[in-house]
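Residue numbers (my numbering), protein chains in the order written: chain L, 1125 to 1286; chain D, 1221 to 1481.
Fair warning: there could be bad hints in the mix.
Said to hold, decoys possible - Partial pick of chain L residues on the chain D-facing surface, computed with a CB cut under 8 Å:
#1 Y1151
#2 V1173
#3 V1236
#4 L1238
Claimed, not checked - Take a look, some chain L residues computed to stay more than 12 Å from chain D by CB distance:
#5 M1125
#6 G1127
#7 L1131
#8 G1133
#9 A1144
#10 L1146
#11 K1169
#12 L1170
#13 W1178
#14 P1190
#15 L1196
#16 V1200
#17 Y1203
#18 G1248
#19 V1249
#20 A1263
Derived by calculation from the structure, the hints in this document are not laboratory data. The beta carbon of each residue, even a glycine, is placed where N, CA and C say it ideally should be.
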Amino acid sequence: MLGRTFLLGVTVVIQFLLEATLGRVSYVPSLIPLVLVYFSVNFEKLWAVDGAFWAGLALDLLAHQPVGSSSLALLVGMYVAGVLERMTSSEGVFLLTGMAVVSTVVSDVLFVLLASRPLGSALGVSMLYTVAMRMLLTAAAALFLFTCSSWISGLRAGRAAK
Amino acid sequence: MNATGGFGGRRGIHGRFFRFILAAFAVLILGPFLVSGLGSWLGARFTGIFFREEVSSREEELRNSLVMLMVENSILREEKMKADRYRMLLGISRVEDRKAVPARVLYRSEGMVTGTMVLDRGREHGIVENSVCISAEGLVGVVSRAWESTSEILPITNPSVNVSCVTWPSNAYGILQSSSNGSLEMVHVDLAQEVAVGDMVFTSRFGGVFPDGLLVGTVTGVMPGEPGLAMRLSVEPAADFRSTGEVLILLPRDGSGNRVP
């Protein structure tokens, strides 16, 4: 539990650094939904709720965004991802990737709507393009991460069987 | 991987989701107040624990330095004004090799025409009657009486003071007098001279009391004289008699005083 909390904290810091540097000139993947999906599916379901809330809060404070906007966006995104998980019959890497992508899209759109002043003023074609690019990058990162994770898990299982 | 069961469908997780969403929504609404208000209160309340001693002494030191610098700046500015004024006075005094005594106007009696000025320098400083008084702007008047440590100046606006003057560049000679209304007029000016408004008026080498070349004023009007053979010039004095505070007394050639460098 402590290790995963630390890992989530590191992810928040990395996400903040990415947003504050590369995110200003280009597009960056959304790593927090990816990690939250992985934790919630493989460990306790509470990660989808508590992790989203506190990670979003920390990210807002770090990035000087309206406090609570990332929390709310991540919570809704994770909830929609959970609904997707319940509705689908697939499993494995592609399910996790799909959940991460769905939660990223939902949370990004919601965050832009909540963080812009006046509310919702940032909604436009350019914002949708940014969300689409982030979605693609997140999907690529999720595929890579979950594939590596699955491969490592398989190796461990094979060694344990021997 | 253990990807079994959606967390959106479970009742416990479902309720927890909505509670946290409500909490996030509340934070979003109250966030600005919490961050600014609570942050300010916490800062004001607890910053002093760590920084009070150091900040207060440092602030006090900086405040004292600021006040000292402001006072010093004010003094230096005043000294600069004085230096500029003295520089101009000394520049004017170089028109002739005379001894000069700087003086300050103590007070002036009322009236532009018959009023006088009293200076803080007198006989013990070498000032004698008929010494010439000038300011940075130009000729002020002549010493009418000198006591031990003070002296009285008759300004050129006084009717009893006549100054032999010359205009420049028209080079017309005349006598500067004060009219009954206090304005200065230059009379007995040759009609043949082509004097124009704006010509400058200086003391001439005639007369004996005033050294030549001292700026007196500017011609503001040209009028024919009553006899018809001379003309009168209206003259605006260069010196401002109401605000003159520091003057230079040019002593007669045989007077005592400090030589102007």
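Here is how each hint holds up against the structure:
1. Y1151: violated, 25 Å
2. V1173: holds, 5 Å
3. V1236: This hint is violated: V1236 (chain L) lies away from chain D, its Cβ roughly 14 Å from the closest one there, beyond 8 Å.
4. L1238: holds, 7 Å
5. M1125: holds, 16 Å
6. G1127: holds, 17 Å
7. L1131: Answer for L1131 (chain L): holds, closest chain D Cβ roughly 17 Å.
8. G1133: holds, 18 Å
9. A1144: holds, 19 Å
10. L1146: Fine: 26 Å to the nearest Cβ keeps L1146 (chain L) off the interface.
11. K1169: violated, 4 Å
12. L1170: violated, 7 Å
13. W1178: The claim is violated: W1178 (chain L) sits with its nearest Cβ about 10 Å from chain D, within 12 Å.
14. P1190: violated, 6 Å
15. L1196: Violated, because the least Cβ-Cβ distance between L1196 (chain L) and chain D comes to about 4 Å, which does not exceed 12 Å.
16. V1200: violated, 7 Å
17. Y1203: Y1203 (chain L) not clear of chain D: closest Cβ-Cβ about 5 Å, inside 12 Å.
18. G1248: Given that every Cβ of chain D is farther than 12 Å from that of G1248 (chain L), nearest at about 22 Å, it holds.
19. V1249: About 26 Å separates V1249 (chain L) from the closest Cβ of chain D, which puts it past 12 Å; holds.
20. A1263: Per Cβ check, A1263 (chain L) is outside 12 Å of chain D; nearest 17 Å; holds.
Consistency with the previously given hints fails for numbers 1, 3, 11, 12, 13, 14, 15, 16, 17, ordered from lowest to highest.
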